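Construct the complete structure from the given sequences, taking the supplied hints into account.
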Amino acid sequence: GAGVSQSPSNKVTEKGKDVELRCDPISGHTALYWYRQSLGQGLEFLIYFQGNSAPDKSGLPSDRFSAERTGGSVSTLTIQRTQQEDSAVYLCASSWGGAQETQYFGPGTRLLVL
Amino acid sequence: QKEVEQDPGPLSVPEGAIVSLNCTYSNSAFQYFMWYRQYSRKGPELLMYTYSSGNKEDGRFTAQVDKSSKYISLFIRDSQPSDSATYLCAMEGSGTYKYIFGTGTRLKVLA
Numbered sequence: 025g026a027g028v029s030q031s032p033s034n035k036v037t038e039k040g041k042d043v044e045l046r047c048d049p050i051s052g053h054t055a056l057y058w059y060r061q062s063l064g065q066g067l068e069f070l071i072y073f074q075g076n077s078a079p080d081k082s083g084l085p086s087d088r089f090s091a092e093r094t095g096g097s098v099s100t101l102t103i104q105r106t107q108q109e110d111s112a113v114y115l116c117a118s119s120w121g122g123a124q125e126t127q128y129f130g131p132g133t134r135l136l137v138l
Numbered sequence: 039q040k041e042v043e044q045d046p047g048p049l050s051v052p053e054g055a056i057v058s059l060n061c062t063y064s065n066s067a068f069q070y071f072m073w074y075r076q077y078s079r080k081g082p083e084l085l086m087y088t089y090s091s092g093n094k095e096d097g098r099f100t101a102q103v104d105k106s107s108k109y110i111s112l113f114i115r116d117s118q119p120s121d122s123a124t125y126l127c128a129m130e131g132s133g134t135y136k137y138i139f140g141t142g143t144r145l146k147v148l149a
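Chains as they are written, first to last, in my numbering: chain A, 25 to 138; chain B, 39 to 149.
Simulated from the structure, these hints should not be mistaken for laboratory data. Some clues are possibly wrong.
With a cut-off of at most 16 Å between alpha-carbon atoms, the simulated EDC-like pairs for lysine to aspartate or glutamate come out as follows [as the list claims (entries may be wrong)]: (1) B:Lys136 x A:Asp80; (2) B:Lys94 x B:Asp104; (3) B:Lys136 x A:Asp42; (4) B:Lys105 x B:Glu43; (5) B:Lys136 x A:Glu68; (6) A:Lys41 x A:Asp87; (7) B:Lys105 x B:Glu130; (8) B:Lys40 x A:Glu68.
Predicted model only: the values in this text are computed from it and were never measured.
Now the structure itself:
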């Protein structure tokens with residue numbers, strides 16, 4: 025079946041603009057995760073959804089970052105007033121839910137803030 | 039200090055070599071240990087996982103966990119150019135959902 029998909033694959037924006045990143049998880053997966061991958065930093069956890077609710081938003085770096093998930097499926101990560109330090113690869117993963125379920129990753133969105 | 043430390047490399051080896059990739063960690067609550075492989079411009083994919091100390095083998099790959107030393111390893115036997123990728127270790131505490139990743143080690147296998 026289809027894997028996790030993300031769009032756009034690449035995004036170039038100007039400092040101060042808002043961006044929206046989309047994630048389509050594997051059908052039936054109840055858990056959805058957003059990570060950020062910067063050069064030399066590994067994957068940094070941002071937020072976790074179980075269904076439509078987000079029990080843990082602790083990884084969001086500032087209030088400029090927000091995310092929502094609708095219908096227990098598609099999720100959108102929004103970054104307002106982008107800064108150059110927001111440049112990174114944003115990865116989405118989904119799983120069947122629960123601890124220690126395999127997380128399946130999408131290909132990521134490469135964001136460059138000029 | 040990061041919870042999970044991993045040498046970023048790059049590590050270059052000739053084809054056929056045995057590769058050893060390692061991570062150390064500081065949180066003794068970690069119970070679930072994983073290795074992900076990430077090809078350039080792709081998302082990470084799960085390679086192996088293990089719950090406890092000891093070895094787990096899958097084809098050319100062996101994962102090893104030493105909880106007493108807080109040290110995990112991934113061995114790749116008879117390495118191939120197609121193994122060239124970034125290898126990320128990841129860990130999870132018992133009953134949690136949050137994976138903590140290492141920075142990843144870039145591996146290049148030369149033909």
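### Enumerated hints in conflict with the structure, sorted upward
3
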